[in-house]
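Enquirer: Based on the sequences and whatever the hints tell you, model everything.
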Amino acid sequence: MEPHLLEACVRDVLNNRAPRAMAVLESLRVTITNFPAAKSLDIQVPNFPADETKGFHQVFFTPIVFIERTDFKEEPEPGFKHLAWGQPVGLRHTGYVIELQRVVKGPSGRIESGGNLQKGRCWREAKGLYSLGVTAFDVRGSPL
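So for the sequence shown, my numbering puts the first residue at 1431; every next one is plus one.
Think of the hints as simulated: they come from the structure by calculation, not from any bench.
Honestly, I wouldn't trust all of these hints.
Said to hold, decoys possible - Within a straight-line C-alpha distance of at most 20 Å, the following computed SDA-like cross-link-like pairs (lysine to any residue) qualify:
1) K1484 to A1451
2) K1484 to R1522
3) K1503 to A1451
Stated by the list, open to error - With beta-carbon atoms standing in for the labels, derived distance ranges:
4) I1494 to E1432: 37 to 45 Å
5) L1436 to D1481: 38 to 46 Å
6) K1484 to E1505: 35 to 43 Å
7) R1540 to A1438: 19 to 27 Å
A virtual CB, placed ideally from N, CA and C, is assigned to each residue, including glycine.
Expert: Below, the structure is given as structure tokens:
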């Protein structure tokens, strides 16, 4: 069996049986410089995106979010559908689009953070869509 076919079958089964959980394993910090609130916003996220009747869980939307490091490229190749210069992405369930305004690099030249937020941008302008997952806590669950 082809690996991609097995993955598709497993995904079909789990989409109906396993509540959605999110984690960022290799994080890139995105600071939202024009965050719309003085404190975090509570976002309701469906436990099963295909069937919202199975309930919701709460996610805190804060001025600092983390995305997978591989979901960002300073110089993307054609077809790259994630965060890059001139390529905004949506934050699923929030109604917001983030767009890169600046990149912060550490002493080694490794990218440390970037980002900006815009409400009301047309979702069709966004090249990709991120699930709002780990925000104010890292993958071990301890406060940053």
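Enquirer: For the range 38 to 46 Å, tell me whether the beta carbons of L1436 and D1481 fit it or not.
Expert: 23 Å, violated
Enquirer: Verify the CB-CB distance for K1484 and E1505 against the hinted window 35 to 43 Å.
Expert: Between K1484 and E1505, where Cβ atoms are some 41 Å apart, the hint holds.
Enquirer: Confirm or reject the claim that I1494 and E1432 have a C-beta distance inside 37 to 45 Å.
Expert: 40 Å, holds
Enquirer: With respect to the beta-carbon atoms only, verify the hint that R1540 and A1438 lie 19 to 27 Å apart.
Expert: The hinted range 19 to 27 Å is violated for R1540 and A1438, with Cβ atoms some 35 Å apart.
Enquirer: With the threshold set at 20 Å, check whether the alpha-carbon distance from K1484 to A1451 stays at or below it.
Expert: Holds. K1484 to A1451 sits at ~14 Å (cutoff 20 Å).
Enquirer: Given the hint that K1503 pairs with A1451, does the C-alpha gap stay at or below 20 Å?
Expert: Distance ~25 Å between K1503 and A1451 Cα, so the pair is violated.
Enquirer: Taking 20 Å as the top limit, are the C-alpha atoms of K1484 and R1522 close enough?
Expert: Given that 20 Å is the threshold and the Cα spacing comes to 18 Å, the pair holds.
Checked against the numbered hints given earlier, this structure breaks hints 3, 5, 7; the rest are met.
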